[in-house]
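Colleague: The primary structure of each chain is shown beneath.
Protein chains: 2
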Amino acid sequence: MEKTSKKPGAQALAAGELALIDRYWRAANYLSVGQIYLLDNPLLREPLKAEHIKPRLLGHWGTTPGLNFIYAHLNRMIRKSDLDMIYVCGPGHGGPGMVANTYLEGIYSEVYPDIAENEEGMRKLFRQFSFPGGIPSHVAPETPGSIHEGGELGYALVHAYGAAFDNPDLVVACVVGDGEAETGPIAASWHSNKFLNPARDGAVLPILHLNGYKIANPTIMGRASDEDLRQLFSGYGYEPFFVVGHDPADMHQQMAATFDQVFARIRAIQDAARQGRADPDRCPRWPMIVLRSPKGWTGPKEVDGKKVEGFWRSHQVPVSNCRGDDAHRKILEDWMRSYDPEDLFDRDGRLKEELRALAPAGKRRMGANPHANGGLLRRKLAVPEIANHAVAVDPAARGQLMVQSTEMLGRYLRDVLTLNAENRNFRIFGPDETESNRLGSVFEVTNRVWMEEIEPYDVHLSRDGRVMEVLSEHLCQGWLEGYLLTGRHGFFSCYEAFIHIVDSMFNQHAKWLKVSRELEWRKPIASLNYLLTSHVWRQDHNGFSHQDPGFVDLVANKKADVVRIYLPPDANTLLWTGDHCLKTYNRINVIVAGKQPEPQWLTMDEAVRHCEAGIGIWEWAGNEEGAVAPDVVMACAGDVPTMETLAAVDMLRQKIPALKVRVVNVVDLMALQSAEQHPHGLSDDAFNRIFTTDRPVIFAYHGYPYLIHRLTYRRTNHGNFHVRGFIEEGTTTTPFDMTVLNELDRFHLALEAISRVPGLAEKAAGVVTELRSKLEEHHRYVREFGEDMPEIQGWRWPG
Amino acid sequence: MEKTSKKPGAQALAAGELALIDRYWRAANYLSVGQIYLLDNPLLREPLKAEHIKPRLLGHWGTTPGLNFIYAHLNRMIRKSDLDMIYVCGPGHGGPGMVANTYLEGIYSEVYPDIAENEEGMRKLFRQFSFPGGIPSHVAPETPGSIHEGGELGYALVHAYGAAFDNPDLVVACVVGDGEAETGPIAASWHSNKFLNPARDGAVLPILHLNGYKIANPTIMGRASDEDLRQLFSGYGYEPFFVVGHDPADMHQQMAATFDQVFARIRAIQDAARQGRADPDRCPRWPMIVLRSPKGWTGPKEVDGKKVEGFWRSHQVPVSNCRGDDAHRKILEDWMRSYDPEDLFDRDGRLKEELRALAPAGKRRMGANPHANGGLLRRKLAVPEIANHAVAVDPAARGQLMVQSTEMLGRYLRDVLTLNAENRNFRIFGPDETESNRLGSVFEVTNRVWMEEIEPYDVHLSRDGRVMEVLSEHLCQGWLEGYLLTGRHGFFSCYEAFIHIVDSMFNQHAKWLKVSRELEWRKPIASLNYLLTSHVWRQDHNGFSHQDPGFVDLVANKKADVVRIYLPPDANTLLWTGDHCLKTYNRINVIVAGKQPEPQWLTMDEAVRHCEAGIGIWEWAGNEEGAVAPDVVMACAGDVPTMETLAAVDMLRQKIPALKVRVVNVVDLMALQSAEQHPHGLSDDAFNRIFTTDRPVIFAYHGYPYLIHRLTYRRTNHGNFHVRGFIEEGTTTTPFDMTVLNELDRFHLALEAISRVPGLAEKAAGVVTELRSKLEEHHRYVREFGEDMPEIQGWRWPG
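So the sequences go chain by chain: P and B. Residue 0 is where the first sequence starts when you use numbering that gives the first Met the number 0, and the numbers rise one by one after that. Residue 0 is where the second sequence starts when you use numbering that gives the first Met the number 0, and the numbers rise one by one after that.
No lab work stands behind these hints: they were computed from the structure. Each hint can be trusted.
Computed cross-link-like contacts, EDC-like style, restricted to lysine to aspartate or glutamate with a CA-CA straight-line distance of at most 16 Å:
#1 P/K773 x P/E751
#2 P/K193 x B/D227
#3 B/K193 x P/D227
These figures come from a predicted structure and were not determined experimentally.
Next up, chain P with everything else stripped away, as it sits in the complex (with noise of 0.2 Å):
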């Protein structure tokens, strides 16, 4: 069966021209080879000897010469009519070919002047690869013209889309291999050409690389039919090219023909849509090409009698044992030699002069682009004062107000979109949950971007809008990633279960920021804020599936530096935490607060100083005036628990009046942990100083109840801590029958509190019998009538 359609080869690419752009192919191929073997004699000088090669051989060849092949041909396309691009590498395994490339451009030796443009530059660079104190093997925040680490698959094609945003002028080439090309969030991926509107955004150029194995098997779509792909990708939305083969002159060929054709493609949908003469109801058919060629190209065919290029052999090292084994060598330095080193570089190990001239010059280069570098990019986000959106709390009436925190988030977001409208630089994520979770008010300045037909009875949809909404944690997280890298701002609002689909993007978004904080020459970027909302205790319409509040526990486990987490108790402190978040840089912050009504505890002035802190006494909730200590800690941390235990207080008050009640809400729950641990962390003096050093504390916390005790095991009291949250019980049901299912409600905390202060079990025995026999009661109302009882419903705070 024939399976590719080659196209007539136009001679797009002149005789000389052709021959310079083999050459600077042959040199990127040269150098990524080196790195992945070569300790020392670089130019081959002399032939090689064991001791030249490395001890431990790490990397992967089999992509990179395709890699190194479309970098070639991009600096082509930039050369010729000036284009501002960057590329995105999704075979980040590739890492060899992105240095190798800004390397050979001259902006690798900038950044790391260690690394210079001679022979012992190029010696130091083929050494540092995956070794010891150098750099990782994957391209990586370490590679110039990066915003993508390739390591964990499946987001490049998002990256690009996000960098697109609002970059009328750039044009993201991205790379995505076959391998990642079977992954979820890629094929997804590819609906967001319906997402981007060519007056307003950059252009992406996917590149599909199909060579066609992954590590040890064929890959899905190396192994369709060229019919097949390109129905796939019409069907997607896209005008499919072609290019396929083997032979490097008629693959020059090609590709140089099809990116003169893809580009003008491109700038025609621009010019179209800037000049108005685009069809409005009519989503672009941008150009994505589908390059096939082989599997570590241009490698040795055959190793021990097994085929290697063109298979999956190629996946890392082809020849292996090329220190022990004197054939292995020779097959590893014929092929160094195929690329013609002299042919290459200079007798200073500097690439010649008519090769230099092939990349583009200063930040035209792909390496040296600031969108690849965004916080050079980045403009202070514009933010209107929180207090123009507080909530009128009077303090002689705490609690009596009930407000959806989130709306008053959405109006501060509102304000914020109309501040930096003219700026373009910041966009709402969500998946189709924005208005659903109360953040409304930000389409009384914009829409939502849609770019397929908008009907007459649609609600803010437009193409211009700068809320993204899609069905699809994934593409929110990603574009929003591709987004702030790039230098801009942006904010994700998520059902608080659901954020779980995207661990893993969070978990490298992580990584990526420790790594780049690292490095001096990557400028800050803005934060990724999360605002998980529709939380475990407020799933009235779905249930069990919906519960889950483990996100935090995951964010918990990184460095320290990198993360924060939020549980701000009503809209005056979702306000100060949604402001501070979108002030600072380098971090993952994550806000928890539910979207239902809820009482409002503190005046703007006291929701600015409690946040600040992190922490604190509500003095106003306990009743300890005068005495040495209070009998029992009352603390909490998220806005159920803390409506919970307010209750809880109320009735221990009113019951036990000679009981000394302390109060504590948590806001950050990085102050539960010790300093040395945590920037935010509390000094043990400070901490003793509100939870006490011996005293009883019943903690009413939003999410797992683990947590708690593994950010405060050091702590002089953690003995005494006893942390109620969610137990993986729930279902459909009422909010108060939530919190009692988890033991978490009102009368299970006072209950708990009374047996843990000695004695008062006893002496309160009435009370012990009477909050059991609420429970009775409740269980049997809320299954009677479906509701909670009106005094759980009308309860309020006695102010």
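Dock chain B against chain P, hints included.
Modeller: Okay, now just chain B, sitting in the frame of chain P:
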């Protein structure tokens, strides 16, 4: 623009049949609306009053009528051809529809006799929905006939394929909503057709149900043209059929005609393959259906002047204030009466006979199909004796032998495959890593399954392999879930870091198991077994992006009944663990073990005893003979930490012979928890006997150190636990350097031990200096030579 292309209406149904099927559909719709709204008056014997309406209206109408429509037509096909079919309902929000249909079939009342087929039963059916003490709003384990909870979207189609593998007579009808169709996992799942063998496996019939809207937005595919969708699904390798419209009579005819066609097509594909008439080089083009029907079909057209039917406003509860607002209640009553309940149910509230006849009988009912309660069909897995695969460890020369432990497990798994070959009920899943993870022995008896072209030089690919490899953890996990839920067994090996990609799928499966265990009628299914290998400590080719041991932290949040975590330190313990996990049911077992050569510690007999206890003192490694208590406890969990601990103990015993050291190894992490928190938890007495109540414990742990604190904070000696683990430091470097970067290496462990034993640091000041200088020496050596010092590489336990 014309979006849809109608086919000429074939008259597949005679007039009488059409009227019947329409009435059946109306019955399901009536029951669906009743569940969302009514507390009482289920048959509308009297005008609707406020008190008949639920106080809290929860649920999702929008998707439900379409689901009911499909159900009715699938019933017709089952009866017509005696099909063995299950229904996977991707839009799990449509819970009322699945409940309604299984009630109409009679199976609901068989499973839940209290919900009888009469007026009182119907009243209870309505009342229990989304009601405290009742059933959740989504399709859930409580729903007969379901293997799929629809809360988190994206997994319907992988579950369907998982169910179809090795079930040649089964047809899995799988409805994918257009919201779900935007997710990554679904977008990749369409490629599952490349892994389904028509000769050996059953069929999956995907029905893409486009009702056009998500919560508050149109959907990508809902707004795509038929032509784009035709190309897209053709490109995925399917033959798409379209059913488009809103007029019920027309739609019934279209659906019936289309089903007649597609089921004939399925049968033809299967016949050709099974009779050897199919082109073996062609992956068959299975049919799939695109059904476009209005969201909220047959519901209120408008409410309060706003468009509802055919728009996102019908997503949840189309008319909301039916208790308080007479006009709204009137809309509801008119809507329900539009289905004409008297025409559907008899005086007793039972479905009329002529309609009952439309449902299949007995186990052919989709709600009663045993495949959807897989435990009914589960056959015990045959397993070999683990002793046959034991590594021969000489107790006099422990740690001398270096073995790749996962390779031993691979041989065991090979035998499992052989022993169960005839039953065709065991498969191995992994993202292209079976060989890389050293499980390659399985390829002696089976292959990877592959339905695209196979080239002559391909290795271990075939049409009927039992190893499923695709570069998508989502597909591996989802296929395995579907396979297990329908009563089979499986094993998933994955790179440790990238299992986070399926965190949320793990969550949902754990939730499914938790609820299933509470339902007596749901029979136990085989456990979901993970082998996490290529772990954090041995990412030689990769580096930081591949280093994350945090999956187990997430696992530990789940219900203790459901989860187990094992860290076998060598091959024999790995064999016991793997064997044990394969014999368990209704659990999720996580095994973490490296694939690199590592020292072997225990004989098989010792391994059995050690693993059965889950934790134990390694007396041969310590030197406390005769002492009342050791000076220090060196504890370890995980293969690399075990090796580093023993190397530290080796040094301590040589250099400070007077120091009494105890070595404790933990295989079963849950043993650390207290017995009341986890069934595997040690009693406090046993824990104290092992860890003492007052001696320092230096705990070398495989993952993030906090987990050990979280598991042990209640223990008497917890204050003396000093845990070392992964602290997010790493890159591409040597294996030993990785442990040094994270301060988990032998030198740091020995130094910590010395520092924690009172007075020892002063006495052993020379040793401290020596160990510190060793660290310096390592640092210099590794950066100069690129490999670990010979004394590190060559270290062996003295035996």
